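Undergrad: If you want the building blocks of each chain, they are given just below.
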Amino acid sequence: MVTVSDIKVSIKNLYKIFGADPKPMVAKVEGGMSKAELLEKHGHVLGLKDVNIDIKAREIQVIMGLSGSGKSTLIRHINRLIEPTAGEIVVDGQNVLDMSEDELLEFRRFRASMVFQKFGLLPHRTVAQNAAYGLTIQGSDKNEALERSQRWIDRVGLSGFENHYPAQLSGGMQQRVGLARALATDAEILLMDEAFSALDPLIRTDMQDVLLGLQEELHKTIIFITHDLDEALRIGDNIVILRDGAVIQKGSPQDIVLNPADDYVSDFIKDINRARVLEVGSVMDTKAIKTGIKIDVETPIEEAMQLMLEKDKKPARVVKDDKVVGSVTIDAMIKAIARPKHGSGNKNYK
Amino acid sequence: MDFFDEFPSLGRTPLREMKKSIDAGFRSFSREYGDALESFFNPLLKFMVWFEKLLINTPWPIILLCVGALAWLGSRNYKLVAGTVGAFVVIGYFGMWEDTMATLAIISVATIVCIGIGIPAGILMARSNRIQAIITPILDVMQTIPSFVYLIPVVMLLCIGKVPGLLAVCIYALPPIVRLTNLGIRLVDADIMEASTAFGANYKQRLWGVQVPLALPNIFAGVNQTIMMALAMVVIASMIGVKGLGVAVLRAISNQYLALGLMNGLAIVALAIIFDRVSQQYGKRLQKHREGGHGV
Ligand SMILES: Nc1ncnc2c1ncn2[C@@H]1O[C@H](COP(=O)(O)OP(=O)(O)O)[C@@H](O)[C@H]1O
Ligand SMILES: [Mg+2]
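Chains as they are written, first to last, in the working numbering: chain A, 1 to 350; chain B, 351 to 646.
Incorrect hints may have been included.
Pairs of lysine-lysine, BS3-like flavour, derived with a Cα cap of 27 Å [said to hold, decoys possible]:
| hint | chain 1 | residue 1 | chain 2 | residue 2 |
| --- | --- | --- | --- | --- |
| 1 | B | 396 | A | 118 |
| 2 | B | 638 | A | 142 |
| 3 | A | 313 | A | 335 |
| 4 | B | 634 | A | 118 |
| 5 | A | 142 | B | 554 |
| 6 | A | 28 | A | 12 |
For the record, the hints were derived by calculation from the structure and aren't laboratory data. Note that this is a predicted model, so its numbers are computed, not measured.
Based on the provided sequences and hints, a complete structural model is requested.
TA: Rendered as structure tokens:
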């Protein structure tokens, strides 16, 4: 049950159109005009189109889409680095657009911090000073800020590098500084715009582990942008898929993989290792059975199959919190692993 | 076909009348406000006189020591310090010590004034495109208009002396620092600015915490340029009563004293090179943090 208080950030009917005179364009887009047509006929760029997303508190909301789909534009609306053309962004029940200049500064200082794809570190300041940046902006005393941010430097594994300058660090380490800087302000909302996209694959996985580890104890509301599905599936509690500024699909990672809304989403998921992503819970039958080995609902199919093959290949019992909640067969799992036929989704993907 | 043979000009008489009335207008303006302006600039004049006297009256070994120390602070380079002190020794040995001190005084004051006006102007210019559009043509005029042209109204207003000389130097030397401050701020990486904004930095925090520090190398190049241009104005400033090396050059021109002109000219060149090298080294040191080279 999702109650209203569980929703931390609510994006409502959000439109963003770039150009000289964007307001009148909203009606045209509402009337069904496409991004290409809007650019050709009116010289305006459609950034976001009628975006509605409810982001739950203390979860990781992934926003995914190809390059140019509007991800960066969307995330910048949450702390109003970009002004919308129409719509609302409600955080903790308050519309961000109603905030005065001062309230907005307070909001950015104390309630939402951000991590950037290109790190955005201050090159003339040391690691320690960069990590303390948000706190100094809040108005903390310099020494107090350095003291408070030290904890986060340690937490992201940068102890000993406090006096280095960003240019002396590798990309992965620079982003650790970016993460420490964002965490140090104690903001409840963490905005991450392709924070790990610029990193090498191995380092990226490292950083994902760091983030997941932190999230386990911090329970922040994280809005995480990526164009990488593996990353989205690994990190996201929920995923929103954007195309041409519009939301194509919302759901849990399991939902997206099992029921892609259209060909665009199918294309996204066609290369993933389904056996590793899909969990037993997503393919089980809710009919409980009396015998068979017990497997946890969140076990990936890959592992579950191995367990069952080692035993007797008979249906297994699916358990959640020590209670049997259903059963699963090897057949059902094989069916789920088989890639859906290309184009099996809706036909509205042009 | 008279029309095509001669350009249809205003005609001699009306033109003369127009010029006359402009001159008369300015003359009465300067009669009315000349004194007020003079008293406005009086503190500046007092400061210049005091500073020049300070440089001239301080025993030369102390000045040499100070010059060497400043060169060291700026460059951290023994060769430059040695070259600087050596140049001053030669200048003094050839009897140009006092004139050099006077020139140093006006250059220093002009540089301070230009920094004091130029950096805020550059900051203002970087803040909005409209202000940039207004200031840019003014700077263009200041840099290209022949100095003699603005010497006329300056002298009419303030007669000859140190202050009009300083004004003339500043008009010429001010543009580079304004331009380079503006440019430096505008060239600051947009991603870094965005990060700063995202953490809730207000205009002041962005300006002093991010923009100005990151623009410093450019601002510094501007200061360097300003000093060079101020030195280039030394001779012209001496025409309206500024003491220093320029006076000797001027005397050399009017009397065809080759050696005198050459010596004083070379002294100006020496000052220019010293200022340039020291300030460039200093500018380079400001950028230390940009060096990558994974110190990991
Ligand atoms: N300031 C801007 N002016 C005009 N068009 C823009 C601007 N910012 C973004 N866009 C356009 O909006 C669309 C979405 O961009 P963006 O949000 O950066 O996509 P993503 O982050 O998903 O790659 C793109 O078509 C881009 O060209
Ligand atoms: Mg982007």
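Undergrad: For the pair we were handed, residue 638 of chain B and residue 142 of chain A, check the Cα-Cα distance against 27 Å.
TA: holds (23 Å)
Undergrad: For the pair supplied as a hint, residue 634 of chain B and residue 118 of chain A, is the alpha-carbon distance within the 27 Å limit?
TA: Holds, at roughly 25 Å.
Undergrad: Given the hint that residue 313 of chain A pairs with residue 335 of chain A, does the C-alpha gap stay at or below 27 Å?
TA: Holds, because 15 Å separates the two Cα atoms, which is no more than 27 Å.
Undergrad: Residue 28 of chain A and residue 12 of chain A: Cα distance at most 27 Å?
TA: holds (19 Å)
Undergrad: Does the structure keep residue 396 of chain B and residue 118 of chain A at a Cα separation of 27 Å or less?
TA: Judged against 27 Å, a Cα distance of about 53 Å means the pair is violated.
Undergrad: Between residue 142 of chain A and residue 554 of chain B, is the straight-line Cα distance small enough, at 27 Å or below?
TA: holds (17 Å)
Comparing the model with each earlier hint shows a violation of hint 1 alone; every other hint is respected.
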